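Protein chains in written order, with my numbering: chain A, 1 to 236; chain P, 1 to 210.
If you are wondering where the hints come from, they were derived from the structure by calculation, not from laboratory data.
Everything numeric in this text was worked out from a predicted model, so none of it was measured.
Treat each hint with caution, since some may be false.
[Said to hold, decoys possible] Simulated pairs of lysine to aspartate or glutamate, DMTMM-like, Cα-Cα distance not exceeding 25 Å: (1) A/17 to A/29; (2) A/18 to A/29; (3) A/169 to A/179; (4) P/38 to P/103; (5) A/76 to A/29; (6) A/111 to A/99; (7) A/231 to A/19; (8) A/76 to A/99; (9) A/231 to A/29; (10) P/38 to P/99; (11) A/18 to A/131; (12) A/169 to P/71; (13) A/111 to A/179; (14) P/38 to P/166; (15) A/17 to A/131; (16) A/111 to P/71; (17) P/38 to A/131; (18) A/111 to P/70; (19) A/111 to P/20; (20) A/111 to P/137; (21) A/231 to A/99; (22) A/76 to A/131; (23) A/111 to P/78; (24) A/21 to A/131; (25) P/38 to A/29; (26) A/77 to A/131; (27) A/231 to P/166.
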Amino acid sequence: MAETAVKKKEPVIAFGKKERKLISDPLNDNNPLTVQVLGICSALAVTSLILPSLVMSIAVVFVCMFASFFTSLLRKKIPNSVRMIVQLVIIAGLVTVVEFSLRYLNYPVYKQLSVYIGLIITNCIVMGRLEAFAMANNPWRSLLDGLGNGLGYGAILLIVAFIRELFGKGTLFAGTGIEMKIIGASPDYWINTLTSNWFGWYANNNLMVLPAAAMFIIGILIWIQRSWNQKLVDIS
Amino acid sequence: MILLESEGFINIFIKAAFIENMVLAYFLGMCSFLAVSKSVNTAFGLGLAVIFVLGITMPINWVINNFLLEESGLLGTDLTFLRFMLFIAVIASMVQLVEMIIEKISPSLYNSLGIFLPLITVNCAILGGSLFMVSREYNFTESVAFGLGGGFGWFLAIIAIAAIREKIKYSAVPPALRGLGMAFILTGLMGVAFMSLMGIDPAALSGGAN
Numbered sequence: 001m002a003e004t005a006v007k008k009k010e011p012v013i014a015f016g017k018k019e020r021k022l023i024s025d026p027l028n029d030n031n032p033l034t035v036q037v038l039g040i041c042s043a044l045a046v047t048s049l050i051l052p053s054l055v056m057s058i059a060v061v062f063v064c065m066f067a068s069f070f071t072s073l074l075r076k077k078i079p080n081s082v083r084m085i086v087q088l089v090i091i092a093g094l095v096t097v098v099e100f101s102l103r104y105l106n107y108p109v110y111k112q113l114s115v116y117i118g119l120i121i122t123n124c125i126v127m128g129r130l131e132a133f134a135m136a137n138n139p140w141r142s143l144l145d146g147l148g149n150g151l152g153y154g155a156i157l158l159i160v161a162f163i164r165e166l167f168g169k170g171t172l173f174a175g176t177g178i179e180m181k182i183i184g185a186s187p188d189y190w191i192n193t194l195t196s197n198w199f200g201w202y203a204n205n206n207l208m209v210l211p212a213a214a215m216f217i218i219g220i221l222i223w224i225q226r227s228w229n230q231k232l233v234d235i236s
Numbered sequence: 001m002i003l004l005e006s007e008g009f010i011n012i013f014i015k016a017a018f019i020e021n022m023v024l025a026y027f028l029g030m031c032s033f034l035a036v037s038k039s040v041n042t043a044f045g046l047g048l049a050v051i052f053v054l055g056i057t058m059p060i061n062w063v064i065n066n067f068l069l070e071e072s073g074l075l076g077t078d079l080t081f082l083r084f085m086l087f088i089a090v091i092a093s094m095v096q097l098v099e100m101i102i103e104k105i106s107p108s109l110y111n112s113l114g115i116f117l118p119l120i121t122v123n124c125a126i127l128g129g130s131l132f133m134v135s136r137e138y139n140f141t142e143s144v145a146f147g148l149g150g151g152f153g154w155f156l157a158i159i160a161i162a163a164i165r166e167k168i169k170y171s172a173v174p175p176a177l178r179g180l181g182m183a184f185i186l187t188g189l190m191g192v193a194f195m196s197l198m199g200i201d202p203a204a205l206s207g208g209a210n
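Put together the whole structure using the sequences plus the hints.
Structure below.
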């Protein structure tokens, strides 16, 4: 995964094929969640609704981008023996910024995410990208790599949250301005299972609300992705 | 044994180990849980290391939090915004220490754990434990109990999944699901199984509730 150092003559800020690949690769072939298996913890805990997952994705994209950027700026100055601590301090500083901003912007969501915002520090995606990429590449590319991996993480998070919220609660985007009540046993919902001729049998699946459901969904997503992309199949 | 006389100690230990298991109820420490659970031997070593690191860092972080960071502490100012940085620094240095100890005592274990030992630093279970300790306002004894109990629960869970994964190698799993996908689904099933412990109230068991 670690790419070779960039050639000297290249412009510092470019947006060519290689740069696009840095963003598109983590979305499929090298997805941090389903292929590299990094950053699972938060993915499972926050995905029961779409809103907290969205907030979490934005937070991770932010931290991942800027942690990569700053680490890459400092990469020649950091002594090898203490690099873990330096990286962690950079990440912890950024996460503190995120935590305080969220506390003032949207307190209910902050409460809901509780310790998981703090746990972005130990989100292996951030740390993993710093070690594997930012320590060996220039700041601009590291920024893009951070962005790509943050987005790859966010994409899976939102897919899982979408499935869990729709089948677990019968709503979409609950808690936001565009809340949609899709299916449920009350006249508030678009499909009211009490009166509908077609959906009388339907009940929300309480399993989907439990964290275990996220495990099943990610497992199945991995299954789908790997049967479609054979080169990812685990041979061992 | 003042610690064990306290009723809260055992209750919190049992609660942290079984009822609110770090991995199976909160899904913390999942990365190393999935990555190192291919064989029971390495899982055993990592589990022990996690118990040790959690058991040590939790009281240290409690002392730091209550005597340095809180407004009621020794410094008299509210420094809680430094919490993340100090906690992670304590954890990183403790992991370094454990790494050095294991290297001295058991080089074979050190070799088999390989790169996963430094990964304990970024194991969410460790930092998550400390953050839960703060948000639940545990006292010193309770934080020790929570650290040891949480570590023990993590240890049990990783051994259980490693054993299952060793067995499942001989089953006919669809190729695309082999390895990682199966590990996810197994963990989900274990989480559902552990939920059956959720109704247990440790205070009632030891007679403390009455």
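Results for each hint:
1. The straight-line distance between the Cα atoms of residue 17 of chain A and residue 29 of chain A is roughly 16 Å, inside the 25 Å bound, and the hint therefore holds.
2. With a C-alpha separation of about 15 Å, the suggested pairing of residue 18 of chain A with residue 29 of chain A holds against the 25 Å cut-off.
3. For the suggested pair residue 169 of chain A and residue 179 of chain A, the alpha carbons sit about 12 Å apart, so the restraint of at most 25 Å is met.
4. A hinted pair counts as satisfied when its Cα atoms are at most 25 Å apart, and residue 38 of chain P with residue 103 of chain P qualifies at roughly 22 Å.
5. For the suggested pair residue 76 of chain A and residue 29 of chain A, the alpha carbons sit about 30 Å apart, so the restraint of at most 25 Å is broken.
6. Taking the CA atoms of residue 111 of chain A and residue 99 of chain A, the gap is about 11 Å. The hint holds against a cut of 25 Å.
7. For the given pair, residue 231 of chain A sits about 23 Å from residue 19 of chain A by alpha-carbon distance, which is consistent with the 25 Å threshold.
8. As the CA atoms of residue 76 of chain A and residue 99 of chain A are separated by approximately 29 Å, the hinted pair breaks the 25 Å bound.
9. Taken as a hint, the residue 231 of chain A and residue 29 of chain A pair is honoured in the structure, with Cα atoms around 9 Å apart against an allowance of 25 Å.
10. In summary, the hint linking residue 38 of chain P to residue 99 of chain P is supported, as the alpha carbons are separated by about 21 Å, within the 25 Å threshold.
11. Between residue 18 of chain A and residue 131 of chain A, the direct Cα distance comes to roughly 20 Å. Compliance with the 25 Å bound is thereby established for this hinted pair.
12. With a C-alpha separation of about 41 Å, the suggested pairing of residue 169 of chain A with residue 71 of chain P is violated against the 25 Å cut-off.
13. Simply put, residue 111 of chain A and residue 179 of chain A have alpha-carbon atoms about 20 Å apart, close enough for the 25 Å limit, and the pair holds.
14. Only pairs whose Cα atoms come within 25 Å are accepted, and residue 38 of chain P paired with residue 166 of chain P is accepted, the gap being roughly 7 Å.
15. Distance hint between residue 17 of chain A and residue 131 of chain A is fulfilled; the C-alpha atoms sit about 23 Å from each other, no more than 25 Å.
16. For the hint linking residue 111 of chain A to residue 71 of chain P, the alpha-carbon distance of about 22 Å falls within 25 Å, and the restraint holds.
17. Between residue 38 of chain P and residue 131 of chain A the alpha-carbon distance is near 24 Å, which keeps this suggested pair within the 25 Å criterion.
18. Only pairs whose Cα atoms come within 25 Å are accepted, and residue 111 of chain A paired with residue 70 of chain P is accepted, the gap being roughly 20 Å.
19. Among the hinted pairs, residue 111 of chain A with residue 20 of chain P is consistent with the structure: their alpha-carbon atoms are about 19 Å apart, no more than 25 Å.
20. Of the supplied pair hints, the one linking residue 111 of chain A and residue 137 of chain P holds, its CA atoms being roughly 16 Å apart against a limit of 25 Å.
21. Between the alpha carbons of residue 231 of chain A and residue 99 of chain A the distance comes to roughly 39 Å, so the proposed pair goes past 25 Å and is violated.
22. The suggested pairing of residue 76 of chain A with residue 131 of chain A holds, with an alpha-carbon distance near 13 Å, which does not exceed 25 Å.
23. Distance restraint check for residue 111 of chain A and residue 78 of chain P: the Cα-Cα separation of roughly 20 Å lies within the 25 Å cut-off, and the hinted pair is therefore satisfied.
24. A threshold of 25 Å between alpha carbons decides the hint, and for residue 21 of chain A with residue 131 of chain A the separation of about 19 Å falls inside it, so the pair holds.
25. Restraint check: the Cα-Cα separation between residue 38 of chain P and residue 29 of chain A comes to about 23 Å, which is no more than 25 Å; the hinted pair holds.
26. Straight-line distance between C-alpha atoms of residue 77 of chain A and residue 131 of chain A comes to about 15 Å, which keeps the hinted pair within the 25 Å bound.
27. About 24 Å separates the Cα atoms of residue 231 of chain A and residue 166 of chain P, which keeps this hinted pair within 25 Å; it holds.
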